[in-house]
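Colleague: Going down the list, the protein sequences come from chains A and B. Heads up: take any position in the first sequence, counting from 1, add 5, and you land on my numbering. Heads up: take any position in the second sequence, counting from 1, add 1, and you land on my numbering.
Bear in mind the hints are in silico, worked out from the structure with no lab data behind them. Fair warning: there could be bad hints in the mix.
Claimed, not checked - Distance condition first, Cα-Cα at most 20 Å in a straight line; then the derived SDA-like pairs of lysine to any residue:
| no. | chain 1 | residue 1 | chain 2 | residue 2 |
| --- | --- | --- | --- | --- |
| 1 | A | K242 | A | D266 |
| 2 | A | K242 | A | Y318 |
| 3 | A | K151 | B | R42 |
| 4 | B | K285 | A | A284 |
| 5 | A | K151 | B | A38 |
| 6 | B | K285 | B | G267 |
| 7 | A | K151 | A | E140 |
| 8 | A | K151 | B | D39 |
| 9 | A | K151 | B | I35 |
| 10 | B | K285 | A | D92 |
| 11 | B | K285 | A | Y33 |
| 12 | B | K182 | B | A97 |
| 13 | A | K151 | B | G106 |
| 14 | A | K242 | A | A284 |
| 15 | B | K182 | A | P105 |
| 16 | A | K151 | B | R31 |
Said to hold, decoys possible - Short derived list, chain B residues pointing at chain A, Cβ under 7 Å:
| no. | residue |
| --- | --- |
| 17 | T10 |
| 18 | S21 |
| 19 | A25 |
| 20 | G106 |
| 21 | V113 |
| 22 | P115 |
| 23 | R118 |
We put the CB at the ideal spot given by N, CA and C, even for glycine.
Letter by letter, the chains look like this.
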Amino acid sequence: MLLMRVMSCVMNPSTPAAIEVEALVKTYGEIEAVRGVSLTVAPGEIFGFLGPNGAGKSTTINMLCTLARPTSGTARVSGFDVTRERDDVRRHIGLVFQDPTLDGYLTAEQNLRFHAELYGIDAGAVPARMRQMLEMVDLWDRRDQKVHTYSGGMRRRLEIARGLMHSPRVLFLDEPTIGLDPQTRSAIWRYIRALQEAEGTTIFMTTHYMEEAEFCDRVAIMDRGEIVVLDTPEALKASVGADRVVLGTVDDETAMAALRDRFGIDATVAEGAVTFHVASGEAFVPRLFAELGVGITSVTVSRPTMDDVFMCYTGSTIRDAETASPAERNRAMARVVVKAGR
Amino acid sequence: MSATIAEVTAVRVPERSWRSEVRALRVVWRRDLIRFADDPRMILTWLLQPLLFLFVLGPGLQSLSAGSTDGVDLTTFMFPGILCMALVYSAIFSAASLVWDRELGFMREMMVAPVSRWSIVAGKCLGGTTIAGTQGVIVLALAGVVHVPYDPILLFGILGLELLIAFTVTAFGVMVATGIKRAQTFTSVVQLFVFPMIFLSGALYPVSGLPTWLRVLNRSNPLTYAVDPMRRLVFEHLDISDAARRRLAPGVTWWGWRVPSLVEVGIVLALGLAMLAVAIFQFKRTE
Chain A
6 MLLMRVMSCV MNPSTPAAIE VEALVKTYGE IEAVRGVSLT VAPGEIFGFL GPNGAGKSTT
66 INMLCTLARP TSGTARVSGF DVTRERDDVR RHIGLVFQDP TLDGYLTAEQ NLRFHAELYG
126 IDAGAVPARM RQMLEMVDLW DRRDQKVHTY SGGMRRRLEI ARGLMHSPRV LFLDEPTIGL
186 DPQTRSAIWR YIRALQEAEG TTIFMTTHYM EEAEFCDRVA IMDRGEIVVL DTPEALKASV
246 GADRVVLGTV DDETAMAALR DRFGIDATVA EGAVTFHVAS GEAFVPRLFA ELGVGITSVT
306 VSRPTMDDVF MCYTGSTIRD AETASPAERN RAMARVVVKA GR
Chain B
2 MSATIAEVTA VRVPERSWRS EVRALRVVWR RDLIRFADDP RMILTWLLQP LLFLFVLGPG
62 LQSLSAGSTD GVDLTTFMFP GILCMALVYS AIFSAASLVW DRELGFMREM MVAPVSRWSI
122 VAGKCLGGTT IAGTQGVIVL ALAGVVHVPY DPILLFGILG LELLIAFTVT AFGVMVATGI
182 KRAQTFTSVV QLFVFPMIFL SGALYPVSGL PTWLRVLNRS NPLTYAVDPM RRLVFEHLDI
242 SDAARRRLAP GVTWWGWRVP SLVEVGIVLA LGLAMLAVAI FQFKRTE
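Between the sequences and the hints, there should be enough to build the whole structure, so can you do that?
Modeller: Structure, rendered in structure tokens:
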């Protein structure tokens, strides 16, 4: 069904894609933050954007929402060009950033009113719309309190309510659930779905939580400034195919050598355990015990998850990516420095 | 649980027009006022310094200067200068809110909105002008205490000058704020400029008979041209001897030519507009 939506936008130019990106590049001096990204997001789609830190996700989002100018390439959001028709893009998008952008000295209601005025929303519709959005995120009862008294989760919910105040066609969410407790995270997903149903809003989000990537219609994984793969979560998991075996051994080095020599399997060490993929994990375990010749302390066999997909395409788990190699960290740092220097 | 939306009032964001720009400008302005009115302690802090100068420093120095002021109370002499000082402080510090907005992230909310950068900066300037102007009115209300008469022409004249100074200094503050990334830097830049500007402006002493180096610095200080018309206006309405008037409010001269108040006002206004333009330009560039 989603495929049909994507197809219909490709076939029928009169219904423009929500987001259309073509060979988008952004360089900061020597650093190539984004190196030729192309993608199309259909109206009403929930699109997940994954990748390790410093992969270029935030830079891409910043270009799509007119906060950074592309070095080359084109991007259209809701049918408008992000460099030539910035104001039209801005009218049609909502944003929820990783970092807070609320005024803590105003109340929730004052924050939303500020937003409504800034976007020129018809004054007659503002009270109703504000109430609906605040009720959706369960903050209607606390609308008169100053935002600096809010907890982190409440603030994020208010940011979402505000981002939706002006009925945006596309809502960009940069790590909307990072640092939140599981209840708030699932609540935020409920809002996102409710809104998508009610107004057909397209959602473009980045996330660090692999289990959340499963909720997306399609997922793109970005690494080192490029999209390495883009598909539905099901298709991505199927593409990884094999089961994952995680092995605890008394000697990881010898075990890896033995796997290579005796079974022809290339294993890696991820999160401190020997990890590899085989076609049918359960059937492989007895052979492993019989023939490996290295003491095994534990075995886990699992069906592929989005974590495996991430690992397969970026060569690291998302947690390993957090504590990335010095080179990668330097890249991320350089990006921060460039940002601050601008 | 909620999170199902029973009914949704769909709204739309209109295309940019002068009406939407005015609304944006007004809400940026109103936000500054709401925050100002919400924080009475801040208002008091800003008032404290000018009041200290007026009621502590003035009477304290009175005994030293009694012979040289031709019978005019030192606090009366200092009043217009102190008024300017109060305006400078509150205007600069309301402009600082722009730096805080950047540091605390709120700036992004304004940056991604479909409005011109012009409206945002102008709204900020208007906010600072209103806040500083309000402070000025509070200080002005104390005129009687320092023997300045409550003459309607005088009061309206001062009010007009106050708004002008408040606007120009806010524009200066906003200009500095748009060129700066960190709140801490802003504070040091302000310390670096504002104190010398106040001391060099003649807010606290007459501007005639100065040593050459000080006269040059005084005449090239924009604040001089804000303080002088204010003082002239006050002294025109005081019941004092001509000698005292000549001595205490000699007026700013360029190579012996006494600069008319209207020219001084023009200088301050032109500077304010120029700095506003620079602020908008810088603000556009920082995107």
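Colleague: Could you run down the list of hints and mark each one as holding or not?
Modeller: Taking the hints in turn, this is what the structure says about them:
no. : hint             : result
1   : A:K242 to A:D266 : 28 Å, violated
2   : A:K242 to A:Y318 : 11 Å, holds
3   : A:K151 to B:R42  : 17 Å, holds
4   : B:K285 to A:A284 : 57 Å, violated
5   : A:K151 to B:A38  : 14 Å, holds
6   : B:K285 to B:G267 : 27 Å, violated
7   : A:K151 to A:E140 : 17 Å, holds
8   : A:K151 to B:D39  : 11 Å, holds
9   : A:K151 to B:I35  : 12 Å, holds
10  : B:K285 to A:D92  : 14 Å, holds
11  : B:K285 to A:Y33  : 19 Å, holds
12  : B:K182 to B:A97  : 11 Å, holds
13  : A:K151 to B:G106 : 17 Å, holds
14  : A:K242 to A:A284 : 13 Å, holds
15  : B:K182 to A:P105 : 17 Å, holds
16  : A:K151 to B:R31  : 16 Å, holds
17  : T10              : 4 Å, holds
18  : S21              : 4 Å, holds
19  : A25              : 5 Å, holds
20  : G106             : 4 Å, holds
21  : V113             : 6 Å, holds
22  : P115             : 4 Å, holds
23  : R118             : 11 Å, violated
In summary, the structure is inconsistent with hints 1, 4, 6 and 23 from the numbered list given earlier, while agreeing with the others.
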